[in-house]
Amino acid sequence: MIDVSSVSKNYIVGAQEVRALKKVSLKVETGEFLALAGPSGSGKTTLLNLIGCIDSVTEGIISLDGETISGLDQNKRNLVRQRKIGFIFQSYNLIPVLTARENVALALQLVKGIGEKEIAERTSKILAEVGLSGMEDRKPSQLSGGQQQRVSIARALVKEPPVILADEPTANLDSKTGREILALMRELNEQHDTTFIFSTHDPMVMEQARVLVKLHDGEITGIEKR
Amino acid sequence: MTMAKMAFRNVWRYRRRSLITAIAIALGVLFSIMMDAMLYGAERESARNIREYETGDVKAFAPGYFEERQFLPFEFFIEPGDRQRIEAIFAAERQANGSADDGTAGLSTARPVSRWAPRVVGGAELYFTEEFFPVAGSAEVKFHAVDPEREETVFRTPRMIEKGRWLEKGDEGIVIGGWLAEDIGADVGYMVSVELKGRGGFYQTFDAEIVGIALTDNPYVNRSAIYMDLSRADELLALEGAVTEYAIAFPPEGKKENHRKALSSAVARSMNGGSQAPEIYGWDEIESDAVLLTKTKSGGSKAYLFFMFVIAAVGISNTMLMAVMERKNEIGMLRSLGYGNGSIRWLFLVEGFAIGLIGTAAGTLFGSVIVALMVEYGIDFSFMMREMDAGYRLTGVMRSAWHPQGMLSAIVGALVISSAVAWFPSGRILKAEVAEILRS
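As given, the protein sequences belong to chains A and B, one line each in that order. For the first sequence, the working numbering begins at 1 and goes up steadily by one. For the second sequence, the working numbering begins at 1001 and goes up steadily by one.
Hint data in this document are derived by calculation from the structure and do not stem from the laboratory. Treat each hint with caution, since some may be false.
Short derived list, chain A residues pointing at chain B, Cβ under 7 angstroms [unchecked claim]:
1. I54
2. D55
3. N78
4. R81
5. Q82
6. V97
7. A107
8. L110
Nothing here was measured: the structure is a model prediction, and the numbers come from that model. The C-beta atom is built at its ideal place from N, Cα and C for all residues, glycine as well.
Produce the complete structure using the sequences and hints provided.
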């Protein structure tokens, strides 16, 4: 379970301090499929980043499975990301010189106690699950946008983290592909019981979420459970 | 493994940029190898020409001579009694356990000093008149009174006679350097007057026929040396059998330093508490100025090469900085997966190393080809060496010499620099939060 308690985040932009999040509190249950919705600048990406330990809080506490993850030093945050969090980015962020298989394997190579053979097996399995059988040896430039996002999802899922964070995962895709990706994420959420938190401003994506958290100007303005 | 694969593939992905950087490194390595081999070759050949035309491996001087040697003093002589004792050592054919009574014990090989030459060296003025020469005048020269036969055992000058002949015992003629002959318009058969100081301070002038012109590999000999027979000099300069020095060449076997130590102690023992023993000095001590000058030049050239490497390093650093800036998203993603700063820096370090490896391999290959050509053919600097004194005892063709240590330094230096400078560009970006990297 994720517990976000009175979290604030301020940025310094030029000479000005911008309050991206204002004392936000949120609880996310294990296996949840949750969307953070709101217009640009509402703080949804900032909240995702803070939960994902890729940014530091200005104020407040975030805990994951009872362990406080806010305020940790760089090395400990690295470990949290290695073991507990998978990321899906809007622009996929695949390594262009690696094949789909190698991009996915990259996430597993940091996990201790996994040999090359197991890495190869798990990589092939997850790529098959996201519908990329036969495309394992293609480089990102040889894949469509939707296929690249599938690789990105496979990379996030392959180490079986309890939480997957997706920042506008369908924003760069056409509506049909976006719908497919979302359906895939939902399917994987149900199969793996992995918590999915994703940011979006796409109404179609919001509809699919089981919990919709609405943000505006750095504050939660409403939570809808379906 | 994947990180290394990524690094090498990135080198290929940005191949034009990698190639330009690799060329900069290759040029640095190429010039470094080429210059080092050239300097090493010049240094070696210069040293050989000093030994083969000026000093032999060591020289024995009367005490006090060495400190004043640049003034060619005419007051420190090895007297006939000491000469006899020294020559007995030179002539000895003893094994390591040779008898101690004549001072030859400790000379570790049979015939340890098989090649030696007694000499009298000093400054002189050479006068020439219009009777033989186009114009009358004089030239400052260094005269060498030598034993014509023994001189040939140590020095190559007797074998480098371009015109005429070498000296004979009791010869009244002189042999002069080839460039000197050319400068004053001398030829074999021409008469000159030589003025020089005799023992005791008087001045002696005598007429002599030029019997030979020596064109050697040593510019100092060519430019200002004259040679005359020792027995004639003895008579003219009232030397009474004394000489100013012995030039000695050691056999090629064994370490020259060991030969020298053995000879020094044998000479000291041979004096039996009588007169002060002659002192033995190595060629590099006698010509320490030339050695120092060569080393300084070599050091200066290496500093120049170091700056070339710095320029190459700036090139690699710039390439890596561009790579870091272009791949911010990749860096952010890797860190979001949990990769630490060390791993990411390693990625760029391997990339820099790979570019360095390509550049170094190309530089070494082309550098070696050039060195091979330079070893075989060299560069003819005779147009420069004839007119100026560059410090090297070289007359014309400057040949390189293979110098594995220098090559290794260039290779290792280039690889270390290309890897090390790749370390820094990623530093700033790795200090930032992952979110900040991805946002930018």
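Hint by hint, here is what the structure shows:
| no. | hint | verdict |
| --- | --- | --- |
| 1 | I54 | 4 angstroms, holds |
| 2 | D55 | 4 angstroms, holds |
| 3 | N78 | 5 angstroms, holds |
| 4 | R81 | 4 angstroms, holds |
| 5 | Q82 | 3 angstroms, holds |
| 6 | V97 | 4 angstroms, holds |
| 7 | A107 | 5 angstroms, holds |
| 8 | L110 | 5 angstroms, holds |
No hint from the list above goes unmet by this structure.
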